[in-house]
Amino acid sequence: MKRTNILATLGIAWLLSAGTSFHQTNAAILFQDDSFADVESGGLVLDFLDQATGNITIQFGSTLGEFIQWNATDLRFEISDDIDLNSNQIVEARVENVTAMPGGALGLGVGGTGRIVQLTAVDSIAPGCTGPNCQPGTYAWSGTTWIGLTGTTNVSNATKVVTVGPVGRDYTTIADAATYLNTVSAGIMLVDPGTFSITTAIDLENIEIVGKGNNLTTIDISAAGSLQIINSAFKDLTIDVDSGIAATSGLDVQQNGSYDSAINFQRVDFVVGSGKVAIDSTAGTPPVTDIDFINSTQSGGAGNLLLSVSSSGLDNTSTILVDDQLGVNPLRIADWDVTIIGGGNVLTSGTISTVPDRTIYVSPGMNIQGAIDSLGSSGGTIKLLIGTHSITAPLIITSNDITLVGEGSGTILSTTSGSWTGGTGENNATIQVGVSNGTAPVSNITIQNFQMEVGANTHGISINGGSENKVMDMVVTSTGAKTSTHTAIVFTDGSATIGERFTATRNIINNSAPANRWVDGIHFDGNADFAGQLFGYGNGIQDSIISENIVSEAAETSYAFSQVSASSVFSNRARNLAFSPTAFGMFFNDCADVIIINNTVEGANATATGISLFDNVDNTSVIGNAVRGGPSSFSIGIANNAATNAGNIIADNQFSSVTTTIVDAGTNAKLETNHHRATANPTVNDDINDGYDVGTFWINTATNLTFINVDSTAGAASWVAVDYRFAVSTPPATCNASFAGQTFMDTDSGIVYVCDTSNGRNKWLSTQDNVIFGEQSGNCGAGDSPGNEDGCAVDWGSSLGPDNATNVGFYIPHDITVTGFGFSADNDSCFFGSFDVEVWSTGSSSDDNNYSFDTNIATGLTGQAHNANNLNIDIDGGQYILWGIDNNCTQTIDDWNVVLYYRTHHT
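With my numbering applied, the sequence shown corresponds to residues 3 to 909, in that order.
If you're looking for bench data, these hints aren't it; they were derived computationally from the structure.
Quick caveat, the model's predicted, so the values are computed rather than measured.
Distance windows between CB atoms, simulated:
(1) Ile710 x Ala608: 28 to 36 Å
(2) Ser313 x Thr181: 28 to 36 Å
(3) Ala442 x Gly372: 15 to 23 Å
(4) Asp896 x Thr749: 42 to 50 Å
Note that CB positions come from ideal geometry on N, CA and C, so glycine has one too.
Construct all of the structure, not just a fragment, from the sequences and the given hints.
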């Protein structure tokens, strides 16, 4: 074909193209069955196509529809299908040159897989270029990220650890150090002590800042300052976000399309100004961020660390972890869910998940119930920090192995600040352990060491069954009026199981005002024999300890126990009780094998019983307790109330201002014999009002004498000295009416003495009477005596007495008391004057010759027969004596005798 023919054909095609549906272009060539064999050597030149104002397309076939097109806009050729070079080379070709990766941060997607570009500038936004950045070079798109072919990422041999400080450091500001580290893709910044101000936005991507301690290094973010963070870390410093910053947050989390961000804080203290938060994001797409607070705290400012989930610029699937929090100040995390490892104190209304040691520190305002629930079945510790924790609903513990502990009286759990004032149901409680109907008991629960302020008409603490549950070191204060037997602390059995190994110790039960008294103090209820007053289920409580509690001003009963066995109630105190009649200090019903020891019930304001064993109480010991009345007397001190009570022991208790100390209607009870010790003897006023019942022993520790009460009538008590014998070397006491008849054996002499108060003697005398006698057949002339006339002294036994001289006597080894005498004479009468019966002595155990007058036995005698049995005449022992007559008559007396009766006298 000639050239002219080709041009004609092209011209026809041009015309045809205007009216067809072929690929729409401003100029087109359609090749059909034409032959180009005759094309001239100059080639095929489409001259008039220059007139086209838009794209120029050469299309191959109408059905095939493939084309080569000149793109008039981009000034390049485009081909609609693949090119196969059949192993031939592309010579002098250049790939696409770009200053930023096509697609930007979103990339090209799967459809762009295989695209190759030559990057001529640094790209830090596109996928694959955010960490590290993409440096100039050749890159291919993999479908998800850019992969370098000949280019390099920002990997440098330059140092990636820099120092920041005022003198002798790499940089003086954090901003300058960050600018450098950005050029080497990442790094660590070591910052000196001091305060470093941030007033502009600083890029800290892949940068870790390490201070010298959170009390030494401070990053102060103010004005237009912010830290732009992604995969950033902070250690050993304080971050202070001023309330006046322009942004909402001091730390702005950036977004990366290819991976989540991780922010790490170790030993960091936050100070966040009012109305601001520490961490948020201004990225268009909320970044998914993992934030770890390790050994960190928030010591100042009124702001939070994070905005609420609904307001935050972070993706709401972001995670918060608190690991072993530093200090007791809470991390304020709004309503985000938090995972706590090794103990932490967070202020959040979100869910808290714990990892052992499973301790959650709770500050006032935090969701305590949420913290309890977060422990779950694995248990753990909720520590209520100092301050007032106000609640508006009961705290309910339904899992085992949970401890709710405070920091002493400074930790207050209060129902008074909220709208909730409790219910009137008998089982409603401020703290409820197990479900209230006892169907799901829990065990190993400890409630310890804080103060409760309990509003109107609710119990304080209710333990609904289980085992090993403890309430210790609590102060449970009623701050609202109580009715319907509302009680400070209640332990019950389970609805289908026994309650066991409960402990209530060192608790104080009181009230804020008289109108707010608890109805009852502490209950251990294993049944509900008294509907509406006891709360158990009939399965009982056993092996429990109730000790060292104080219940003050209970309106009715301070302590109540029903169907409790094998338990101990000791060293408790009920103080100032019974503001309604028929109250009890301690009430026991359906109990067995309970030790009730060393408790004190004091202060009654109406008719009351100190300790009542009410009904079916067996084998229980009530020992060493004190019941003291005032201002009203207790009507009964201890009541063993019913014949159904069997085998109880009531012993060694003390009573004061008690009308009837002990009432015993029980079976086979062993009642006490009180033993009172004093340094004086009892009197008629030591009576029942002082607790001295019949059978009480009184021991005078000064004299070692014992008395027993045989009549305890008020003001007319009768005490009888107990006869007893013992061996000592000296008398146990001065002999007087109180000791009449008491005996002892002198261990030195072996003589038994008795206190003889007859005839005014009041002496310890031998129990046996001794007799010495003698007669005289000689003459005792007028005016003679034993001192000068042997006829005036008696002879005894075969003339063994004095004969012609007074040189033989009778030796007495011990002091004696002459108790009687007899005199008889043979028809001699003293018509004028009188005579005396006398004892003469030597005063020596070795002299039996020299006698002198010692004492008169009887004087002024005149007849021939005289005697007496009521004498009380002492003669010293250890000497020789004679006895006879001193004749003051006018005639001689002969043929007479004298008999002396004496008993040994212990001085």
